[in-house]
Amino acid sequence: MAPDPDAALMLAFQAGDESAFRALFEKHGRAMVAFCNHFVRDVARAEELAQDVFLKLHRSAARYRQAARFKTFLYRIASNHCLNELRRGEYAARREVERGGGAGSEPVDPDALAGGAASPEELLLASALGRAVQELLARLPEKQRAAFVLARLEGLAYDEVADVLETTVPAVKSLVHRATVAAATALASYMPAEEATS
Amino acid sequence: MSHPTSELTAYLDGALAPAARAELEAHLAVCPACRAERDRLASTIGLLAQLPRAEASPTFEQRFHARLAAERTERTRRRGFLDRRDPIWRWLAPGLAGAAAAAAVVIHMGAERRDERFLAEHLDLFENYEMVESVDALERPEDVAVVAHLQDLVGR
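Chains as they are written, first to last, in numbering that gives the first Met the number 0: chain L, 0 to 197; chain E, 0 to 155.
Hints in this document: simulated from the structure, not taken from any laboratory.
Please note that a few of the clues may not be correct.
[Unchecked claim] Pair by pair, the computed Cβ-Cβ distance ranges are:
id	chain 1	residue 1	chain 2	residue 2	range
1	E	R74	L	R130	35 to 45 Å
2	E	H2	L	V168	17 to 27 Å
3	E	T58	L	N83	39 to 49 Å
4	L	A7	E	A25	40 to 50 Å
5	L	G154	E	A19	17 to 27 Å
All of these numbers come straight from a predicted model, not from anything done at the bench.
Using N, Cα and C, we set each Cβ at its ideal position, and we do this for glycine too.
Just chain E, with the same shape it has in the complex (with noise of 0.2 Å):
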């Protein structure tokens, strides 16, 4: 007899199709092994239950909403520095971008999972009109992403 104990947990948490539930429940009617490990799991889903959850400290909104008002402050100021910047930037900023996003590609295209991952991972860095502004070479895949995603940031 085969025991379907992989389908044990799905079928405590009601994430079997009904099929697969009946067909379970009459294994566990004749089976006493598996009900053994169903009531083994169902015991440790019910102590977990009672978990504690870890309570925020009561200044938790008042501190986020002071790093939210001084981010977007930062994020205002350099917006400011940038519009008073030689305007040539902003004429140069599309082509370089594009330059730079086929670029992009064709390394992109060679680049391992690896650095897919990495990429993703570091979301943010696309997010920050600040980060591009460090950028000097494209010696890194986050450096490349940055470049790439340019003619967006501008935009913003």
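Looking at chain L on its own, in the form it has when it is part of the complex (with noise of 0.2 Å):
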């Protein structure tokens, strides 16, 4: 296995340097705001969600073993406090309210998502197309959900995927197909014209 250097920085933690610990956390704690915004379309209760995260670890840094990767060991604890979160319900309940108020998928044009520049009609597009894949994750069984988020949004491999998971590389391959296939159809009006019909 390849040196880990965040490994090294949470032994030093364990050790009782808090500076390592701090270095752990200006190196992952916005990734993991972004992270745990997949969950629960909501940057300020994501942020929550991600300090929650880094409590945990910081309560539970004598539970770390190194044979685990620091990255896939982050991402277990993030994945396993998001899913808790969803499950007590309280963002479903707040979704339903969100659907009510129509925000939805207004038809768009693909073509304006091509391009760097970020004029105000491709913003519009990507929080659009931000919205289409929320909705997408709210529809998706947990595991499929948080195997697409690992693998597709955060780009994981499968291997680091089925670490964070406790499964298989097989169950994550098949998890990740499903939740792409099922990607593929609910953002369909967004794929540009020509590959949309190829």
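Both chains are given apart, each in its own frame, so use the hints to dock them into the complex.
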């Protein structure tokens, strides 16, 4: 296994070096907000959840064993925490209210997605795409959603996702595939025309 | 002809073994339907890669460090409180914890998988000594788990 500098920081923190913990938070804290936001669709709440994750990490440092890569250890805490949050039902109820507000999926011009500059139209489209993805995520079964977020949106390799979700690589392959097929259907209207029809 | 569409996402993610990849590519060369599905999935993956990531607010780190400082102060305060308590508690705790652990094993062995999952999801209860103080009876699985680990907690 390649050396894991984050694991070294975690071990230093276990040995009492608080600055090592701060370094881990600075490196992963903001990424964790983005990760949590995939589950709760609310940046303020995602920030709280990400902070919770690092507080848990701070409390449970003694449980860390170097056998696990730090990233998978962190994502495992975060996935469990976010899924628990969803299970509490608080966000299911809130999503219903939001859907009632009719913010949903207005037709958009897919061509506006191309290119790097962020014009107001592109920002609007990115926002609409973001909502469509969040609605898709809300419909996916729990484990499929977690696998999809980790692999597709966070860029973890299948074996890392398997470690985080404590399952097998073939199971991850199946979960990610089914979720990607669901995404292809749900996001068809956002595809550039020539790709959507080819 | 069977269509290996369930392999396409792993193929696009570069997660197929070389032999499986070669086999799939041979199939794609002769199957327009699978090529179309590959292209549809590839477009979806490309689209998702453009999704903007949520940005934390500028005060995110500052608020975290404030929460961490508050939690550490609280932990210190509670530890100080426990240290001042009657020493008999510290003599009795390991024995009580052992008895409770034995009871917990018996109860836990009979528990449903639902309870195991519940315990796993509430791991943080194990981490909070203060939670132990509020346990009056072994009524719920998480109470059992907390008491079962009392000795570990006392040793912290």
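A quick look at each hint next to the structure:
no.	hint	result
1	R74/E with R130/L: 35 to 45 Å	40 Å, holds
2	H2/E with V168/L: 17 to 27 Å	22 Å, holds
3	T58/E with N83/L: 39 to 49 Å	26 Å, violated
4	A7/L with A25/E: 40 to 50 Å	44 Å, holds
5	G154/L with A19/E: 17 to 27 Å	22 Å, holds
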